[in-house]
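Trainee: Sequences listed follow chains A, B and C, in order. Sequence positions in the first sequence follow the working numbering and run 536 to 918. Sequence positions in the second sequence follow the working numbering and run 3 to 299. Sequence positions in the third sequence follow the working numbering and run 2 to 249.
Derived by calculation from the structure, the hints in this document are not laboratory data. Small disclaimer: the values here were computed from a predicted structure and weren't measured. Glycine residues also receive a C-beta, built at the ideal position from the N, C-alpha and C atoms. Keep in mind that a hint or two might mislead.
Unchecked claim - Okay, the calculated beta carbon distance ranges per label pair:
1. A:A635 / B:R84: 55 to 61 Å
2. A:C644 / C:R118: 27 to 33 Å
3. A:C644 / B:L161: 53 to 59 Å
4. A:A852 / B:R80: 32 to 38 Å
5. B:L114 / A:C643: 41 to 47 Å
6. A:I653 / B:W269: 23 to 29 Å
7. A:R892 / B:L56: 51 to 57 Å
8. C:E74 / A:C643: 38 to 44 Å
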Amino acid sequence: MTPRVATVVGSVLLIALALVLPALVGALWLNRVAQFMTYGILGVAMAIAWGYAGILNLGQGLYFGIGAYMLAMSLKLAAPGSLEGGTPMPIPDFMLWNAAPGAPQDLCCITPGSFLWIPFQREWFGVLMGLVVPAVVALGIGYTMFRARVSGVYVAIITLALALLARLVLINAQPVTNGFNGLTSLSFFTVGGIEFNPYQPRTYYLVVLVLALSLVLAQWLVSSRAGLILQAIRDDENRTRYLGYNVASYQVFFFVVSAVLAGAAGMLYVVTAQFASPTFLDVAFSLSMVVWAAVGGRNSVIGAALGAIGLSVLSSAASETPALLNAWQLLLGAIFIVAVLFLPRGLAGAFNDLLRRRAGPDAREDVVPALPASGARPTMTGP
Amino acid sequence: MAEIIFIGLSLASILLLVALGLAITYGAMGVINMAHGELVMLGAYTAVLAIRYLHVPFVLCMPLAFLVSGAIGYATERLLVRHLYGRLIDTLLATWGLSYILIQLVRVDFGLAFLGINIPGLGPGLQYVPIPAYLTQPVMIGGFHFQIYRSFIILVALLLLLLTWWLIFRTSYGMQLRAVSANRNMAACCGINDRRVNAWTFAYGSGLAGVAGVLLAGLQTVDPDMGTHLVIDGFLVVVVGGVGSILGAIASSAVLGEINGLVALWWNDTVARAAVFALVIAIIIVRPRGLFALQGR
Amino acid sequence: MDSVLAVQGLTVEFSGFKAVDGLDLDVAKGEIRVVIGANGAGKTTLMDAISGKAPASQGRILFNSADITNWPEHRIARAGVGRKFQIPSIFKNLSVRQNYRVALSQEPGVLRNVFRRPRDTARIAEVLDLVGLAGSADEPAGNLSHGQTQWMELGMVLVQDPALILLDEPTAGMTVAETSRTADIINRLHGRHTLLVVEHDMAFVRSICRTITVMHMGRKLAEGPVEEIEHDPAVREAYLGSGGIGHA
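One chain only, chain A, in its complex shape (with noise of 0.2 Å):
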């Protein structure tokens, strides 16, 4: 067995699993089992960026979280609540209770920048922007980043201080984002008359499909040949540079791609767990992320996924008491600096050693390797 046919043959009975999986949990569990797959992608989004890339975006959360509560605002705009308050259209709760007395009725003008959520009307509006934002944020961040040559160190401290930049404006802007409190009271994600309940399991498969989508999308992009390219790249981007390539559009490319997916998750997430926050832009919630590919492994499509999955479900299944938590949390550590230290390509890249090896020795030439018999052949002589 080749690391390509386990690939294959896990990719597969993953998907299996995954289809059969409502006909044996309740309710609850496939709900949560839901969540954990949109980190799923966002594990697939941190192994483009980082794995292949060797961009270590540690605010990752940011992408999330603006895919989240782009969603989000089309989705609270929508939910029965918005329109009790008497008003013709409607308007957050939240807004109601912050609004200055005396202020319009209106959403263009009840609290300062409240006229931002009125496209977000529109329910494909949201989606579009939980996908679009994210790109533009990362494109703009991406382009001036790479092409001013900051290096890996310098692009993980700016990634970090542009998510918690970024989580200070929300929760400072209380009259457009409810602050702390983040959205909540949201509608049911609706398409064309179908509605997602969080509940139910086609909300479960819509999640599945993404994550299939994009484990598919992300595997093609890294074996073309700009994911060969990228590689190149991150292994040494000056020879890149030499070779004629610009190296800057490689990586803001796939910047962007990883941050489209992150948004991507960030709105499944909402569409099942029903709410957007701050904690998304959260430090802890980044850093995790790094912790699930570099277990998983980072240069594994599939692995960072899986490890984004596996850690989330053992995290959730510690958080039944308080002891067992800690404890976790404690493995946890322990086990990220075990593979910072001895696995650079995590689990999946360890279990891909063991199949290569097992495949049998390589007949590998260690002495000076014979040129071709005398005749050479005609192409190498001139004319």
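Given the coordinates of chain A, work out where chains B and C should sit on it, guided by the hints.
Mentor: Below, chains B and C alone, put in the same frame as chain A:
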């Protein structure tokens, strides 16, 4: 006006205390210690426990915390960091894993909570450190309210700065440190025990964190999570100041601290922090080597 | 004359110091020309100037009659000048074959390459054979020995089929056996490609070329067939050392 400067200075001195140790380990050793915030936190807890159980006077908690955090730093270097030289991002990640562990250890009373034992002074809750009375009385000088405790912090920061400067530039250890940070292999070839220099340097930087922890304990409540945002702030200071430059760390903590104070005065703390983040991002992009970068690293 | 590379009065100056001082050089098509000289004679700077890494303060560089003086590096590379550096820099985590696929950078745009699969070409197979790495084509490049890495990197330059190849000390760090293999490889290149080689190893130099250019302190000291150069008193004094090859 004087009040604005004073508050800015006070914030700057706290930043500097935290950042100094980070600057030393990053600049001299090329190691990013994300557990640095937890070393501060442990210094604070040292004060909590020492005052509670050993009745150590507040001021003496500082050298005590220096030793405690320093020892933990020493152990960290020998057990973990030593395997990661030359792998900058890996040091960032591995020490972050360590910080998880340290936070959780405090949460579970170092394992005793699993056995059902709870030690007052540890655990997930908030702790307080009482400051001696002579440090809390406000003093009036020229119509301006001096908060003695904050002035005390500024004083300690300056003293530690002087101590660090003396160590690095006036002792043989410091010379060895500078040699190792300039060119490790050559220094080793010249007979300098570079591993020992590294271990002691890491210990010193960690010790400084411990002292910062004691001082912070007098300003805010102590809890296991207090270190997380400190290390990020400290790290931003170091990067803006320029890797390897203590002068840079001083300058950037002064600048960032002052700006934080100013913006907080006009708007609020949240906006102030956001402004500092935005400024840092801009500086790194425009001047990636920082304000006072040293050549050669 | 069918000259592929013509350097005319080239001067490269760094803060007042002339690394290359008024140098003239002509390399004919298909020739293998070796440049020798003591350390600091300006050989690598000459290569830097030709490949666009160092700016020329005076003089011209003509490549196939086109004036490429001070063109940006990637433009010179695209025009058909390939350079192999002294210190091999390859993509260690990619296989040899993948290294070559990356080196084929005819279409560098990211969006186009997203829609393309990495593919082998006949050229890659040719080069793999030439440098003797066909058997290790799928090995991670970082696993190769030093000599193999040098050949591999030479291959990366060859894969792009450049008309002019600049080789900077191709046998640095090689064993005697590896050096002789390298000579074999290079000898099979001339004719189709033109080579300019900087070297120190005289035995190697003798085995690959006919004409040597000797540089000394940024200038051309002598030029001519190998035997002539070896016996030239000025060259011996400047470079080989008067106590060198047994001359009074």
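Trainee: Hint by hint, say whether it matches the structure.
Mentor: Status of each hint after checking the structure:
| no. | hint | verdict |
| --- | --- | --- |
| 1 | A:A635 / B:R84: 55 to 61 Å | holds, 60 Å |
| 2 | A:C644 / C:R118: 27 to 33 Å | violated, 54 Å |
| 3 | A:C644 / B:L161: 53 to 59 Å | holds, 55 Å |
| 4 | A:A852 / B:R80: 32 to 38 Å | holds, 35 Å |
| 5 | B:L114 / A:C643: 41 to 47 Å | violated, 59 Å |
| 6 | A:I653 / B:W269: 23 to 29 Å | holds, 27 Å |
| 7 | A:R892 / B:L56: 51 to 57 Å | holds, 56 Å |
| 8 | C:E74 / A:C643: 38 to 44 Å | violated, 55 Å |
Consistency with the previously given hints fails for numbers 2, 5, 8, ordered from lowest to highest.
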